[in-house]
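Student: Using the sequences plus the hints, can you model the full thing?
Okay, here's what each chain looks like letter by letter:
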Amino acid sequence: MKSAIAGAVFLLIGAMALSAVPADVTYTEGDASIRLSNGRQQDAQIGDVMNTGDTLKTGRDGQAELDQKGVTIKIAGNTVFTLMEREQGGKTSSVLAVALGSIKFHYGKITGSEPLVSTNSAVAGARGTDFTVFSGADGSTLIAVDAGEVTVESQGQSVDLAANEGVEVPLGRPPGDKFTVQRNQVDYSAWNEGKLDAMLSDPLAAMTSIETAMAGYEKDVADYDALFKQYRAQLNTERANLVTIINQKGKEEANKYESEVVTPLVVKTTALGLNLRYSSLAALSLRRFVAGRLYVFLKARYITQPSAETWTSFLTHYNELLAGFETSIVPHLVEADI
Amino acid sequence: MAAVVLASCASFQHGQDQGALRQVADLVNAGQAQKLAAMSVVPFLVDGEIVLLQADVAAFWDGIVKAGFRLEGATLDQGAAAGAGSFRQFADTMEVRTFFIRYVKKGARVLQATTSTGARVLLIVKSDWFSWKIIGWKGPY
Numbered sequence: 001m002k003s004a005i006a007g008a009v010f011l012l013i014g015a016m017a018l019s020a021v022p023a024d025v026t027y028t029e030g031d032a033s034i035r036l037s038n039g040r041q042q043d044a045q046i047g048d049v050m051n052t053g054d055t056l057k058t059g060r061d062g063q064a065e066l067d068q069k070g071v072t073i074k075i076a077g078n079t080v081f082t083l084m085e086r087e088q089g090g091k092t093s094s095v096l097a098v099a100l101g102s103i104k105f106h107y108g109k110i111t112g113s114e115p116l117v118s119t120n121s122a123v124a125g126a127r128g129t130d131f132t133v134f135s136g137a138d139g140s141t142l143i144a145v146d147a148g149e150v151t152v153e154s155q156g157q158s159v160d161l162a163a164n165e166g167v168e169v170p171l172g173r174p175p176g177d178k179f180t181v182q183r184n185q186v187d188y189s190a191w192n193e194g195k196l197d198a199m200l201s202d203p204l205a206a207m208t209s210i211e212t213a214m215a216g217y218e219k220d221v222a223d224y225d226a227l228f229k230q231y232r233a234q235l236n237t238e239r240a241n242l243v244t245i246i247n248q249k250g251k252e253e254a255n256k257y258e259s260e261v262v263t264p265l266v267v268k269t270t271a272l273g274l275n276l277r278y279s280s281l282a283a284l285s286l287r288r289f290v291a292g293r294l295y296v297f298l299k300a301r302y303i304t305q306p307s308a309e310t311w312t313s314f315l316t317h318y319n320e321l322l323a324g325f326e327t328s329i330v331p332h333l334v335e336a337d338i
Numbered sequence: 001m002a003a004v005v006l007a008s009c010a011s012f013q014h015g016q017d018q019g020a021l022r023q024v025a026d027l028v029n030a031g032q033a034q035k036l037a038a039m040s041v042v043p044f045l046v047d048g049e050i051v052l053l054q055a056d057v058a059a060f061w062d063g064i065v066k067a068g069f070r071l072e073g074a075t076l077d078q079g080a081a082a083g084a085g086s087f088r089q090f091a092d093t094m095e096v097r098t099f100f101i102r103y104v105k106k107g108a109r110v111l112q113a114t115t116s117t118g119a120r121v122l123l124i125v126k127s128d129w130f131s132w133k134i135i136g137w138k139g140p141y
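Chains as they are written, first to last, in the working numbering: chain V, 1 to 338; chain E, 1 to 141.
Just so you know, these hints were derived from the structure itself, not from any lab. Just so it is clear, CB atoms sit at the ideal spot from N, CA and C, and this is done for glycine as well. Heads up, some of the hints might be wrong.
Computed footprint of chain V on chain E; a stretch qualifies when at least three of its residues, placed anywhere within it, have a C-beta under 8 Å from a C-beta of chain V [as the list claims (entries may be wrong)]:
hint, segment
1, 41-55
2, 75-84
3, 89-95
Anything over 10 Å on all C-beta distances counts as not near chain V; from chain E, calculated [said to hold, decoys possible]:
hint, residue
4, Gln-23
5, Asp-26
6, Ser-116
7, Ser-127
Some chain E residues near chain V, calculated using beta-carbon distances under 7 Å [as the list claims (entries may be wrong)]:
hint, residue
8, Ala-10
9, Phe-69
10, Ala-119
Tutor: As C-alpha cells, then:
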C-alpha cells in the first residue's frame, strides 16, 4: 500500500517535473558530490545538471557553484542543498532547500517567479538580488541580505528584509527581530558553533523545538495525504466516466468533459502529490540534519555516562520523535530518499 | 579435503575479523580519533542514525575519545557477512534497512565484540586493499 501511494505520487509528479527548472553545476572544488533523486551518487563536476530531487553535498574543503536560469547559487563547505518543488497559490515553484550549511544566492534578474529558498525553520521569497542563507546545527536559520529585498516566513509570520538587514529564525518559531548586517560580516562557523554548543548544553530545549517543527510537518503530510487520496479517488472515478462518455456520447463530448472536469482534477491531484512529497522530504531533512546530528553528538558526549539524566531524558524524547516519524513520514518516503 | 579447505577459510576469516577489531580497538584506546575518522566512510551508521557528513563522523570519533571511552580487552564474539537481515542488529527501521541495501557493499562484515567491562559493540567494516574501512558503529549496549 505504502509503495503504491509513493509510486502514485511519483507518477503524478512525473509530468510536472518535466517543466521544473534544472540547475547547472558551473564550478566545484574539493569534496562535492551529488545524490540523484534515484539514489545514485556521483562526484559533482562542472557541466553536471541537477534536477528536482537531486542533492548536492560539500565536505569541509568543498565548494560548488550552480546556475539555475540566472540564479547563481554559491555553496560553501559542509553544506547540504536540495533542489525541490512545491505548489503554492496555484503555481509550481522551485524550492532551493538548504538543509545544513551556508549558501549565497545571486538573482541576476527579478522576473516575479523566483524560486523560494527553504531551510529547516524558514521559507524565504526573494525580490532582491543578493542574500546569504545560513542553516544551523540546531535547525535555526540566519538570512543576511546584501542587495534587494527578501521576505522571510516561518510559523505563519513574516518579516521583510532590505539591503544590509538580517534576521534569525529559531526552529519551530516565527522570525526574530531584524538587525543590521554588513556584507560578508557574518561568520557562519562561529554562529553555527554557538548554535551547536547551545543545543548540546540544553538538548531537551533543542528537542522541544524539533518536536514542534516535526509536528508541523506531520500535520502537513497528514493533510496533504488525505486530500491527495480523496482527489485521486475522484480522478479515477472521473476517468472511468470519461470512458463511458466516449462510448456513449462520442469524442467531442468526451474532449469537453476531459478539459472541464478531468484535467483540472489532474492538476489539483498533481499539486497535492507535489506538496505531500515536499513536506515528507522536509521532515526527513529535519530528522536527519537536526535530530540525527544531535543524537550522534550527544551519544559521543555521554557514551561513558549512559545513565546520565540529560542523556536518558533526551533519549525518551528522541525515541518518541522517531516513532512518530516512522508512522507519519516514512510511509511517504522511498529508498532513494535515504 | 573439502572440510579442510572450509575450515581453513573460516579460520582465515576469523583472523581477518579479529585483525579489524583489534585495529579499531587499538585506535580507540590510543585516542586516535583522526585515524578512526580517516578509516571511516560516509554515509556512516551510528546506532540507527545515518551520518552523511565526514566532519560529523570525525566529530563522533573525537567525541567518544574525549569522553574517555575505551574498548579495553575487546574480544570478538562473532563476525558475519553483512546481509539482508543485518540491519535489525542496529535498528529495525526503513532507514537502516535501506542503509544496508544501498551503502553496505558486498564483502562487508558485521563484528560483535565485548569489552573487559562487559560492554558490547557492533562494527560494520570492509576490507579495502590492505586496510579496513569502518562503515558503522553501534554501542555500547
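Student: All hints are to be evaluated individually against the structure, with a verdict given for each.
Tutor: Going through the hints against the structure:
Restraint check on the segment 41-55 of chain E versus chain V: 10 residues with Cβ-Cβ distances below 8 Å, three needed, restraint holds. Residue count for the segment 75-84 of chain E with a Cβ under 8 Å from a Cβ of chain V: 0. That is fewer than the three needed, and the coverage hint is violated. Counting residues of the segment 89-95 of chain E whose beta-carbon sits less than 8 Å from any beta-carbon of chain V gives 3, enough to reach three: the coverage restraint holds. Distance check on Gln-23 of chain E: its Cβ is at least 20 Å (rounded) from any Cβ of chain V, clearing the 10 Å threshold; non-interface status holds.
Every Cβ of chain V is farther than 10 Å from the Cβ of Asp-26 of chain E; the closest lies at roughly 18 Å, confirming the non-interface assignment. Here Ser-116 of chain E stays apart from chain V, with its beta-carbon at least about 15 Å from theirs, past the 10 Å limit. The Cβ of Ser-127 of chain E sits about 21 Å from the closest Cβ of chain V, beyond the 10 Å cut-off, so the non-interface label holds. Annotation: interface hint on Ala-10 of chain E violated; nearest CB of chain V at approximately 33 Å, more than 7 Å.
The interface hint given for Phe-69 of chain E is met, as the beta carbon of that residue sits about 5 Å from the closest beta carbon of chain V, less than 7 Å. Among the interface hints, the one on Ala-119 of chain E is violated; its C-beta lies about 9 Å from the nearest C-beta in chain V, farther than the 7 Å criterion.
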